[in-house]
Structure formats: C-alpha cells, structure tokens
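Okay, here's what each chain looks like letter by letter:
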Amino acid sequence: MSEVPDNLKFTKDHEWILVESDGKIRIGITDYAQDSLSDVVFIELPKIGDKFSGGDTMAVAESVKAASDIYAPFSGKVIDINNKLEEFPELVNDSPYEFGWMVLMEPSGKVDDLLDADSYRASID
Amino acid sequence: MSRKTPLFSQHVACGAKMVDYAGWEMPIQYSSIMAEHKIVRERVGVFDVSHMGQIFVKGSETIDFLSYVTTWDMRRQKNGDCRYCHILNMDGTIIDDIIVYTFSDEKYMLVPNASMIEEISSWLNLQADNFDVKIENHSDFYFCIALQGPDSPRLLGQYFNTSIGPFQFIEYDEIIISGTGYTGETGYELIGPSDKAESIWKSLLEMGAAPIGLGARDTLRLEKGYLLSGQDFSGSQNTLDTGYSWVIDWEHDFIGKSKLISQKKLSYPKLSGILLEDRGIIRPGCNIFFEGKQISKLTSGSLSPILRKGIGLAYVDLPLNSKVTINVRGNHLNGRVVQVPFL
Numbered sequence: 005m006s007e008v009p010d011n012l013k014f015t016k017d018h019e020w021i022l023v024e025s026d027g028k029i030r031i032g033i034t035d036y037a038q039d040s041l042s043d044v045v046f047i048e049l050p051k052i053g054d055k056f057s058g059g060d061t062m063a064v065a066e067s068v069k070a071a072s073d074i075y076a077p078f079s080g081k082v083i084d085i086n087n088k089l090e091e092f093p094e095l096v097n098d099s100p101y102e103f104g105w106m107v108l109m110e111p112s113g114k115v116d117d118l119l120d121a122d123s124y125r126a127s128i129d
Numbered sequence: 002m003s004r005k006t007p008l009f010s011q012h013v014a015c016g017a018k019m020v021d022y023a024g025w026e027m028p029i030q031y032s033s034i035m036a037e038h039k040i041v042r043e044r045v046g047v048f049d050v051s052h053m054g055q056i057f058v059k060g061s062e063t064i065d066f067l068s069y070v071t072t073w074d075m076r077r078q079k080n081g082d083c084r085y086c087h088i089l090n091m092d093g094t095i096i097d098d099i100i101v102y103t104f105s106d107e108k109y110m111l112v113p114n115a116s117m118i119e120e121i122s123s124w125l126n127l128q129a130d131n132f133d134v135k136i137e138n139h140s141d142f143y144f145c146i147a148l149q150g151p152d153s154p155r156l157l158g159q160y161f162n163t164s165i166g167p168f169q170f171i172e173y174d175e176i177i178i179s180g181t182g183y184t185g186e187t188g189y190e191l192i193g194p195s196d197k198a199e200s201i202w203k204s205l206l207e208m209g210a211a212p213i214g215l216g217a218r219d220t221l222r223l224e225k226g227y228l229l230s231g232q233d234f235s236g237s238q239n240t241l242d243t244g245y246s247w248v249i250d251w252e253h254d255f256i257g258k259s260k261l262i263s264q265k266k267l268s269y270p271k272l273s274g275i276l277l278e279d280r281g282i283i284r285p286g287c288n289i290f291f292e293g294k295q296i297s298k299l300t301s302g303s304l305s306p307i308l309r310k311g312i313g314l315a316y317v318d319l320p321l322n323s324k325v326t327i328n329v330r331g332n333h334l335n336g337r338v339v340q341v342p343f344l
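Residue numbers (my numbering), protein chains in the order written: chain V, 5 to 129; chain G, 2 to 344.
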C-alpha cells in the first residue's frame with residue numbers, strides 16, 4: 005500500500021507538490037511512483053534558473069530497467085535542486101516525500117489542476 | 002494469455018512483480034534489482050527459469066545429427082558433460098544459443114531459450130530427414146531452477162548431498178543437475194518434472210537462497226558479457242560477429258560452417274563492450290557515434306550494479322579503448338570500447 009500524505013498535492017503523473025510558506029513549490033515523485041520504478045540509480049536534474057512551461061520534461065529518474073520523465077507541473081523557474089540525489093539517487097526510494105525531493109520552483113502563474121490526497125489515492129487504487 | 006510456470010504461486014507469495022516475458026508470466030523482481038544482483042555476486046540466489054526449453058534428441062545417429070546442427074563436435078563430448086554452443090542457419094546466422102547435455106551416444110537434451118523453443122524444434126525436425134533420430138519437445142513438462150552464487154555449492158551439498166563441476170551434470174531422483182548458469186558465478190541449473198518444482202524451490206529458500214527476478218538476471222549476465230537471445234543476436238548475426246568463436250569446433254562439418262570460414266579473414270563489426278565514462282545509463286537502441294558519425298546501436302545496455310557505471314554491448318569494428326559517444330535522450334555521453342566481461 006503506497007503512502008499518500010494528506011498535506012501534499014499531486015499530479016496524475018505521480019508527482020507530489022508541497023506549497024511552502026513563502027509560496028515556493030517543492031516537487032518530487034510519490035511513493036507509488038518510486039515503487040513502480042524501483043531502484044532509482046540516476047537522476048538528471050535541471051539547472052538552477054531554468055524556466056519551464058507546465059508539462060515540460062524537467063528531470064529524468066532512471067531505474068535499472070527504465071527511464072521516467074519528471075514533468076514541470078506548472079510554469080515557473082527553478083530556484084533550487086536537490087544536489088544530494090547526484091550521489092545518493094536511492095533517497096528517492098528511501099524517502100520519496102522528504103530527502104528524495106527533486107526541484108524547488110517559483111511558479112510564474114496560478115497553480116491549479118492538482119489532485120488532493122484523496123483524489124490521488126483513488127487514482128492509484 | 003501468458004503462461005504460468007509451476008512456481009507462479011511461489012512468486013506471488015514472495016511478493017514478486019510479475020511481467021510478461023516471451024509469453025510467460027515471470028517475476029521481474031522480488032525486492033530490488035540492485036539488492037538481488039548483489040546477493041548473487043556475494044551469497045546465493047535462486048531463479049525460476051522454467052520458461053526455458055527442454056528438447057530431447059534420441060536415436061542411433063543422434064551424435065552425428067547434433068554435431069551437424071550445432072557448432073560443436075559432440076563426438077568430443079563425454080557422457081555427463083554439457084556444453085554451450087550455437088545452432089546456425091545455412092547462411093551462418095545464429096538461430097539460438099543452447100546448452101547441449103550428453104546422456105549417452107543415443108540420448109541428448111538441448112536447452113534453448115523460451116522464445117525459440119518452437120523454432121528450434123521445427124528446425125531440428127527439418128534437418129533430421131537423413132538421420133535416425135527422434136526429436137521430443139518436453140518443455141511443457143519440466144521446470145528449471147537456477148541456483149547461483151558463491152554459496153551455491155553449500156546448498157547443493159546440503160539438499161542433494163552431491164557436488165558437480167562446471168559443465169558437468171548428474172541425474173538425481175529424476176532431477177537433472179548441471180554446473181551451468183547465466184550469472185558468471187559458481188552455480189547450477191536444476192531441471193525436472195514440473196510437480197517437483199515447488200518443494201525444491203521452498204527448500205532452497207529455507208536454506209538461505211534469495212529469490213532473484215529476471216531484472217537482476219539481465220544485469221548479472223550483462224556484466225559478464227553473455228548474449229541475450231533476440232537482443233544481442235536477432236536473426237542477422239553469426240557466431241563470429243558475436244565474438245563467440247570459442248563455441249566453434251572447426252574440425253567438423255556443421256550447418257553454416259562455409260559462411261563462417263569465408264568471413265574469418267575479413268574485418269567485420271564484432272559485439273564489443275561499451276563502458277560509459279560519464280554518469281548515466283545506456284539502454285538498448287541508443288545510437289553510438291565515432292568521430293561524429295553514427296556507427297552502431299546498443300543491443301544491450303544497463304547500469305552495472307557492481308561498477309555503478311553504464312555498460313552495454315554493440316556491434317562495432319573498432320579497437321579496444323576507442324572513444325565513442327552514446328546518444329542518451331539527445332545527450333552525447335562519453336564512453337569507450339572495452340573487453341568483456343566488464344568484471
């Protein structure tokens with residue numbers, strides 16, 4: 005059974021979104037996503053300052069078997085990335101909602117169309 | 002509808018992720034590919050490879066027949082020995098790679114890959130016209146369990162009270178046990194009637210072997226440069242192309258021989274190891290570039306769980322240590338041509 009924290013928002017592409025108190029937005033992949041990928045062994049992250057439109061591929065998580073695109077859930081600019089993942093990509097498996105975060109973004113417009121925990125839970129049942 | 006091996010319910014009980022592989026519902030992994038890979042390199046694991054085939058060839062001319070249809074001269078193989086070799090088309094291309102078991106001059110068993118069982122069966126039947134042989138495909142009635150890893154001799158001794166050398170086999174209580182495998186570690190493959198699969202599987206787990214899925218099977222074989230049927234050869238490459246000339250006994254006549262002889266003196270692309278020097282993972286199908294020009298594609302590619310580097314196989318006509326780039330999703334990553342095995 006996958007863990008789905010109630011304080012987060014989600015996309016149908018199995019990414020989680022945490023709106024921080026200063027309006028910046030932290031992004032990672034869900035427990036369900038890391039479990040399907042299994043053994044994340046390499047993460048390609050964007051550069052700080054990169055700008056994306058919603059739906060753009062901004063990162064790639066690779067497991068032994070497959071590569072999986074991580075999409076920008078909305079338009080915005082990359083403020084920070086989780087450099088730890090370069091050396092320890094397995095943090096995405098071990099701690100998908102905390103130490104395995106990937107990108108911190110500043111959205112350029114409104115952030116909507118996200119699923120709440122209940123809707124996301126229903127989508128992976 | 003995918004077929005199920007006699008161990009299907011065991012896999013489900015072990016929490017395996019199941020996938021369709023060559024028409025079979027097979028475990029891709031139980032816990033994690035990385036962890037399972039390391040268990041086999043360091044301790045011992047068991048694999049369900051019951052999808053593999055078992056074709057028996059019997060009759061007074063079996064030894065001549067099999068010497069003709071494979072790259073090896075079976076007259077040189079003793080009873081109780083088994084050997085890895087290739088079955089070639091008339092034009093020398095590999096139909097499949099197999100292990101041939103010698104029970105006696107008049108009884109042999111061939112183990113082809115799951116996806117090639119029917120093709121090998123009909124090819125053998127087609128070639129058998131002038132030989133006194135009978136070809137019996139028993140694949141549906143047999144399981145195959147691979148026991149692999151440095152600790153596997155201990156488990157074999159404990160369960161069967163026996164020891165077996167590389168490429169030897171014995172029959173023990175209807176089970177054929179051979180010193181073979183696909184991991185590069187000391188290990189065995191156990192073949193027997195399907196109804197015996199579960200008790201052997203459970204006993205080996207109880208003795209400390211971990212169940213290992215097809216995911217780790219692929220990374221284990223790739224680190225050793227072993228060929229994957231349908232991927233590293235797929236209907237257009239011959240034995241010389243794959244770099245496996247050691248499976249050929251040139252002193253006897255066999256199907257495909259004349260084509261191989263005519264290629265011997267030429268320069269041709271040979272299956273080579275590609276080691277990634279940049280960080281990343283290379284996958285089958287990635288294009289390979291040399292001096293700015295695309296020269297080949299990877300036939301296999303993954304991450305080596307032991308080296309923590311991208312490794313792959315590709316047909317290239319380049320000396321060892323040549324620098325190449327590999328196009329991974331639009332990025333050119335640096336790599337070089339290396340000798341296999343990778344470790």
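Don't read these hints as lab results, they were simulated from the structure. Careful: at least some of the hints might be erroneous.
Dumping the calculated DSSO-like pairs for lysine-lysine here, alpha-carbon to alpha-carbon at most 30 Å [claimed, not checked]:
{"id": "1", "chain 1": "V", "residue 1": "K16", "chain 2": "V", "residue 2": "K81"}
{"id": "2", "chain 1": "G", "residue 1": "K266", "chain 2": "G", "residue 2": "K310"}
{"id": "3", "chain 1": "G", "residue 1": "K18", "chain 2": "G", "residue 2": "K59"}
{"id": "4", "chain 1": "V", "residue 1": "K88", "chain 2": "G", "residue 2": "K18"}
{"id": "5", "chain 1": "G", "residue 1": "K18", "chain 2": "V", "residue 2": "K16"}
{"id": "6", "chain 1": "G", "residue 1": "K197", "chain 2": "G", "residue 2": "K5"}
{"id": "7", "chain 1": "V", "residue 1": "K88", "chain 2": "G", "residue 2": "K310"}
{"id": "8", "chain 1": "G", "residue 1": "K258", "chain 2": "G", "residue 2": "K108"}
{"id": "9", "chain 1": "V", "residue 1": "K16", "chain 2": "V", "residue 2": "K51"}
{"id": "10", "chain 1": "V", "residue 1": "K13", "chain 2": "G", "residue 2": "K298"}
{"id": "11", "chain 1": "G", "residue 1": "K225", "chain 2": "G", "residue 2": "K79"}
{"id": "12", "chain 1": "G", "residue 1": "K59", "chain 2": "G", "residue 2": "K79"}
{"id": "13", "chain 1": "V", "residue 1": "K55", "chain 2": "V", "residue 2": "K114"}
{"id": "14", "chain 1": "G", "residue 1": "K203", "chain 2": "G", "residue 2": "K18"}
{"id": "15", "chain 1": "G", "residue 1": "K324", "chain 2": "V", "residue 2": "K51"}
{"id": "16", "chain 1": "V", "residue 1": "K28", "chain 2": "V", "residue 2": "K51"}
{"id": "17", "chain 1": "V", "residue 1": "K88", "chain 2": "G", "residue 2": "K39"}
{"id": "18", "chain 1": "G", "residue 1": "K271", "chain 2": "G", "residue 2": "K18"}
{"id": "19", "chain 1": "V", "residue 1": "K55", "chain 2": "V", "residue 2": "K13"}
{"id": "20", "chain 1": "V", "residue 1": "K51", "chain 2": "G", "residue 2": "K310"}
Against the structure, the hints:
Restraint check: the Cα-Cα separation between V/K16 and V/K81 comes to about 21 Å, which is no more than 30 Å; the hinted pair holds. With a CA separation close to 34 Å, the supplied pair G/K266 and G/K310 exceeds the 30 Å bound. Simply put, G/K18 and G/K59 have alpha-carbon atoms about 39 Å apart, too far for the 30 Å limit, and the pair is violated. Straight-line distance between C-alpha atoms of V/K88 and G/K18 comes to about 29 Å, which keeps the hinted pair within the 30 Å bound.
For a cut-off of 30 Å, the pair hint linking G/K18 to V/K16 stands: about 22 Å separates their Cα positions. For the given pair, G/K197 sits about 15 Å from G/K5 by alpha-carbon distance, which is consistent with the 30 Å threshold. The hinted pair formed by V/K88 and G/K310 meets the criterion: a straight-line CA distance of about 18 Å does not exceed 30 Å. For the given pair, G/K258 sits about 25 Å from G/K108 by alpha-carbon distance, which is consistent with the 30 Å threshold.
Between V/K16 and V/K51 the CA atoms are separated by roughly 24 Å; this keeps the pair inside 30 Å, and the hint holds. For the hint linking V/K13 to G/K298, the alpha-carbon distance of about 41 Å lies beyond 30 Å, and the restraint is violated. Proximity of G/K225 to G/K79 is assessed by CA-CA distance (about 27 Å); at most 30 Å being required, the pair is judged to hold. Taking the CA atoms of G/K59 and G/K79, the gap is about 16 Å. The hint holds against a cut of 30 Å.
A hinted pair counts as satisfied when its Cα atoms are at most 30 Å apart, and V/K55 with V/K114 qualifies at roughly 15 Å. For the suggested pair G/K203 and G/K18, the alpha carbons sit about 19 Å apart, so the restraint of at most 30 Å is met. Our distance criterion of 30 Å between C-alpha atoms is met by G/K324 and V/K51, whose separation comes to about 28 Å. Restraint check for V/K28 and V/K51: the C-alpha separation of about 16 Å stays at or below 30 Å, so the hint holds.
Distance restraint check for V/K88 and G/K39: the Cα-Cα separation of roughly 24 Å lies within the 30 Å cut-off, and the hinted pair is therefore satisfied. Only pairs whose Cα atoms come within 30 Å are accepted, and G/K271 paired with G/K18 is rejected, the gap being roughly 35 Å. For the suggested pair V/K55 and V/K13, the alpha carbons sit about 21 Å apart, so the restraint of at most 30 Å is met. Between V/K51 and G/K310 the alpha-carbon distance is near 23 Å, which keeps this suggested pair within the 30 Å criterion.
In this structure, the hints that do not hold are numbers 2, 3, 10, 18, in rising order.
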